[in-house]
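Here's the letter readout for the chains.
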Amino acid sequence: MTGHPLSPDSPDTGARRRHLLDRGFELLALGVLLLALSALAALLYDILSSGLGRLNWQFMTDMASRRASTAGIYHALAGSIVVIALTGALALPIGVAAAIYLEEYGGRSRLARLIEINISNLAAVPSIIYGLLGLGLFVRALGMDRSVMAGASTLALLALPVVILSTREALRTVPGTIREGSYALGATKWQTVWYQVLPMAAPGILTGLILALSRAIGETAPLITIGALTYVPFAPDGIWSAFTVLPIQIFNWVSRPQAEFQDNAAAGIIVLLGLLLLMNAMAIFLRDRYQRRMRA
Amino acid sequence: MSNSPRTGSNRLHEWAIERVLLLCATLSVFTTAGIIIVLAVETFWFLTEVSIVEFLTGTEWTPLFANRRFGVLPLVAGTVLVSTIAMAVALPMGLLSAIYLSEYAPAQLRRVVKPILEILAGVPTVVYGYFALMFVTPLLQQFIPGLAGFNALSPGIVMGIMILPLVSSLSEDAMRAVPGGLREGAYALGATRMQTSLTVVVPAAFSGITAACILAVSRAIGETMIVAIAAGQQPRLTANPLVPIETMTAYIVQVSLGDTPQGTIEYRTIFAVGMLLFLMTFTLNLASTWLRDRFREEYA
Numbered sequence: 024m025t026g027h028p029l030s031p032d033s034p035d036t037g038a039r040r041r042h043l044l045d046r047g048f049e050l051l052a053l054g055v056l057l058l059a060l061s062a063l064a065a066l067l068y069d070i071l072s073s074g075l076g077r078l079n080w081q082f083m084t085d086m087a088s089r090r091a092s093t094a095g096i097y098h099a100l101a102g103s104i105v106v107i108a109l110t111g112a113l114a115l116p117i118g119v120a121a122a123i124y125l126e127e128y129g130g131r132s133r134l135a136r137l138i139e140i141n142i143s144n145l146a147a148v149p150s151i152i153y154g155l156l157g158l159g160l161f162v163r164a165l166g167m168d169r170s171v172m173a174g175a176s177t178l179a180l181l182a183l184p185v186v187i188l189s190t191r192e193a194l195r196t197v198p199g200t201i202r203e204g205s206y207a208l209g210a211t212k213w214q215t216v217w218y219q220v221l222p223m224a225a226p227g228i229l230t231g232l233i234l235a236l237s238r239a240i241g242e243t244a245p246l247i248t249i250g251a252l253t254y255v256p257f258a259p260d261g262i263w264s265a266f267t268v269l270p271i272q273i274f275n276w277v278s279r280p281q282a283e284f285q286d287n288a289a290a291g292i293i294v295l296l297g298l299l300l301l302m303n304a305m306a307i308f309l310r311d312r313y314q315r316r317m318r319a
Numbered sequence: 049m050s051n052s053p054r055t056g057s058n059r060l061h062e063w064a065i066e067r068v069l070l071l072c073a074t075l076s077v078f079t080t081a082g083i084i085i086v087l088a089v090e091t092f093w094f095l096t097e098v099s100i101v102e103f104l105t106g107t108e109w110t111p112l113f114a115n116r117r118f119g120v121l122p123l124v125a126g127t128v129l130v131s132t133i134a135m136a137v138a139l140p141m142g143l144l145s146a147i148y149l150s151e152y153a154p155a156q157l158r159r160v161v162k163p164i165l166e167i168l169a170g171v172p173t174v175v176y177g178y179f180a181l182m183f184v185t186p187l188l189q190q191f192i193p194g195l196a197g198f199n200a201l202s203p204g205i206v207m208g209i210m211i212l213p214l215v216s217s218l219s220e221d222a223m224r225a226v227p228g229g230l231r232e233g234a235y236a237l238g239a240t241r242m243q244t245s246l247t248v249v250v251p252a253a254f255s256g257i258t259a260a261c262i263l264a265v266s267r268a269i270g271e272t273m274i275v276a277i278a279a280g281q282q283p284r285l286t287a288n289p290l291v292p293i294e295t296m297t298a299y300i301v302q303v304s305l306g307d308t309p310q311g312t313i314e315y316r317t318i319f320a321v322g323m324l325l326f327l328m329t330f331t332l333n334l335a336s337t338w339l340r341d342r343f344r345e346e347y348a
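Protein chains in written order, with this note's numbering: chain A, 24 to 319; chain B, 49 to 348.
These aren't lab readings, by the way, just hints derived from the structure by calculation. Computed from a predicted structure; not experimentally measured. Here a beta-carbon is modelled for each residue, glycine too, at the ideal position from N, C-alpha and C. It is possible that some hints are incorrect.
[Claimed, not checked] Under 10 angstroms between C-beta atoms, here's a sample of chain B residues computed to sit facing chain A: (1) Val68; (2) Glu108; (3) Ser216; (4) Met242; (5) Leu246; (6) Val248; (7) Ala252; (8) Phe254; (9) Gly322.
[As the list claims (entries may be wrong)] EDC-like, lysine to aspartate or glutamate: derived pairs with alpha carbons at most 20 angstroms apart: (10) Lys212(A) - Glu66(B); (11) Lys212(A) - Asp221(B); (12) Lys162(B) - Asp221(B); (13) Lys162(B) - Glu127(A); (14) Lys162(B) - Glu203(A); (15) Lys212(A) - Glu127(A).
With the rest of the complex left out, here is chain B (with noise of 0.2 angstroms):
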């Protein structure tokens, strides 16, 4: 850069590509104002034309027919069943793996076993939708045969072997961050593994695996590509996972796809539910930052 030390265009220089350095770190604040901008004004717009009340306790979502109805329930409904389901898979076993990988593997066992968990997180979301269409239905269906060809069984298991990784390595991070001292007491004590695991392990790795679990439910809420393919695109307001639903993503694709003219309501409607969607992961994203944090204190 610039060879001449000591003058005024010398420091000129250091104080601009501070300036320039500082500019391209703003750039993150910039992208959230962003987002909360362009999804709060269509949002706007939108809640010109229907009331909140009506979209927020509106039990049909019809916006695409003849007779619109604006209620996101049965969105927020097909979003949670399949997230439910998703945790159903994703927790229990993600958090036995964990126990696993972080108290009774050896370390070489370890060494193998992470990275291929890793892949799973790596698969693109699409793949896993193909994956949940062709495979995980069709076997499915041999066991239980009132279910439909689109569902939220099948996405959701999928989504849970997705989102496992993300349980198991955060609470294995958890687990072995908790001081070795509280194990070697209860094994003084006398305590098996399992027994130092599930009573004392677990309970001191508390709210970093409910941080973990936290994320993946902000993960599974936001899931796209699976439920787009293999869930159906039915908005309707049920607690049965055998028939066809609709998420708040795979609505937003389903619209994406049309060719849905800018300034109409169905185009704004993907920014209504898209703020919903956004107001929910950010929420319980800072709530899993702040558990975290907390749970750095107590062993810091």
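The shape of chain A in the complex, shown without the other chains (with noise of 0.2 angstroms):
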């Protein structure tokens, strides 16, 4: 940049200027990215200095109890899992189904057309309206009452927008001479997807359907919308039982005035975000299996 050789005055300078602000404009631009970074940072840290001191086992196992000492996420993290594995439950089979259609059945119909925009525009309404649906049909009108059925069937509407953009994201990577293979060999349309398409994508199927349930598991807003009450002591018995959750637990003693709270809720979210990261390791694992497999 100095002492350029061929000219020495006036267009040279502003060339250096342009050149200086451009590599302001990068340095700030690079900041600004890194405070970004940096507040991902100080959150874990805040959540881990608060937390790790107060995770032991007995946190693990212990129910939930007035004094802060003795208050465990048992039930919640059983309450948690419980709902999260019915919600897959419900939104799987229904979220391929409808993938499976309107890429392979629905084609350019307008009604496949008006589904599309529809799932896309359900994909960003708020989740706790979502909650004000869960509490008017499944709660009242339905009479499920605040039961883990409710809860799952709740977040499950929720998921399922994610579960079918995903999949028919991985029913497009599977090869069209696959399908043409197929019909050549006589089988009808439907043996076509059931015996080579869909085990062909199912790895990226099951990565799609475990993302959508990371981001149900954290939900909390539309559970408490449905009166997942916040003080259930004890673990779900069956679908039919009364739950409370991780995130709800965590909001429960976010809200409390006293610090020994405050800790249990930074240790409960750390049991939370280990949880997501346990699922998410998971999603990865399965996509590279899948690309190695698609490679050979």
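Need the complex rebuilt from these two chains, each delivered in its own frame; the hints are there to steer you.
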């Protein structure tokens, strides 16, 4: 930059100024990016420093309690796992069926187009609105009360758009020649989908499902809205049982003024983030295996 | 499945399966219809007791007190205030990050940074609520002595951090879709990367970037847990970010936490507020989709 041999005077200083400005802009943009990343670091540091001291085996296995030092997350963790398992069991078959229709059958029909627009709009509806739907439809109209079933149905509706979109992506990666080969052997459309297309797309579908569920497991607002009680001192014993989940337990602890409860909240957050990390690692593992197989 | 080719039962079988698949696909339409019906019915009953004029223009919201007032404006003001703060954080930071990642960053750095930014988007909102209340508010109080324990500023900033990846990744997609020829033309004229980014790439990607921002606003308006935890529960018609306020979403949570019996006016308020929230976000989502489709056509 300094001492340019050919143009020692005014054009050079103009160019130098522009390059300095460019450099400054690059540093500013990089600085902003680093600031965003450091917010993540601050978040993790804050949670680990307040929560790690509280985290031990007893915390994982203790029931809820009015006293911070003996309160644990056993029932909330159990509730989260049961609700998410049921959410997956509801969302997977319906979501995959819907995606198969749109990708393999619907084609360019007007109905398929309408459904598509509708799904992308649903994906952007705030989750608390799904909570109001769950309250009006599942809890009241269908009389499910504040049960695991009502909570899982609400979360399944919330997860469906994501499951449908990722399943369609997975179906699209199956080469058309596979379908043509199957038809050439006399298979029907459904036989082709069931025996050829779905097995090939399965890892991609599962990856999408896990990512959708990892979003659902952190959802708090819709479950509060359907009235999942914040103090349920037992683990759910069936799909009609009352329940609480990890995020609601965390919310309950955060809302209390005493510092000990807030340390409990931080410890609960560590468990929740650990669970999320586990699910995401599973999704990445599946995707890697899938990609290797597709290349082979 | 059925192993009897060329029979009527086989054809029937295929036909039935297609119907079942179609039924599952239309469930999404029923979901939208369900949302609208549930919200509309309860809102209708609410409006038989409270005039729509009072609901939309009243400046006091006290449905849970003895002296009940049903003016939704304080809740709307709270939502707008927090969302504005969030966008003031997310918009410049998200855009600059997107410009850096799209126009400056080497490929390896982008491969590392993008997944980390995605983590920010995947953190549950209840965790952000904890972060706003326990970390950001005390931190801000050291610089702003008048800041209340519950306020709009801290959850607004944290919400901005939460939606930053959305703004950044969608804007980056839009910028990378701008044809390379436009960039090369600018470079050939002697423009620096900053001049190329700001005067060629960003304007060319403008409708895509705007779509991303509208989607971000819609996300901010519907965000619930951060404000329910850190903004307080005091509906207040104010633009002061330092005092406790209440947003539309936080109000729905507040009522849901109590044991409000079905059929009472308090119970119906959350559906009326929900209806307003749904209409606001739905309009924004439609606008965003429309802009994105237009952008796609430009460079198709």
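Evaluated hints:
1. Val68: Holds - the Cβ of Val68(B) comes within 10 angstroms of chain A, reaching about 7 angstroms at its closest.
2. Glu108: 23 angstroms, violated
3. Ser216: 8 angstroms, holds
4. Met242: Where the cut-off is 10 angstroms and the nearest Cβ of chain A is about 4 angstroms from Met242(B), the hint holds.
5. Leu246: 8 angstroms, holds
6. Val248: Since chain A brings no Cβ nearer than about 14 angstroms to Val248(B), farther than 10 angstroms, the hint is violated.
7. Ala252: Interface hint status for Ala252(B): violated (18 angstroms vs cutoff 10 angstroms).
8. Phe254: 18 angstroms, violated
9. Gly322: OK, holds: Gly322(B) within 10 angstroms of chain A, min 5 angstroms.
10. Lys212(A) - Glu66(B): Distance of about 10 angstroms is within 20 angstroms: holds.
11. Lys212(A) - Asp221(B): 36 angstroms, violated
12. Lys162(B) - Asp221(B): 12 angstroms, holds
13. Lys162(B) - Glu127(A): Violated. Lys162(B) to Glu127(A) sits at ~32 angstroms, over the 20 angstroms cutoff.
14. Lys162(B) - Glu203(A): Between Lys162(B) and Glu203(A) the Cα gap is close to 38 angstroms, so the pair fails against 20 angstroms, i.e. violated.
15. Lys212(A) - Glu127(A): Roughly 9 angstroms between the alpha carbons, so the hint for Lys212(A) and Glu127(A) holds.
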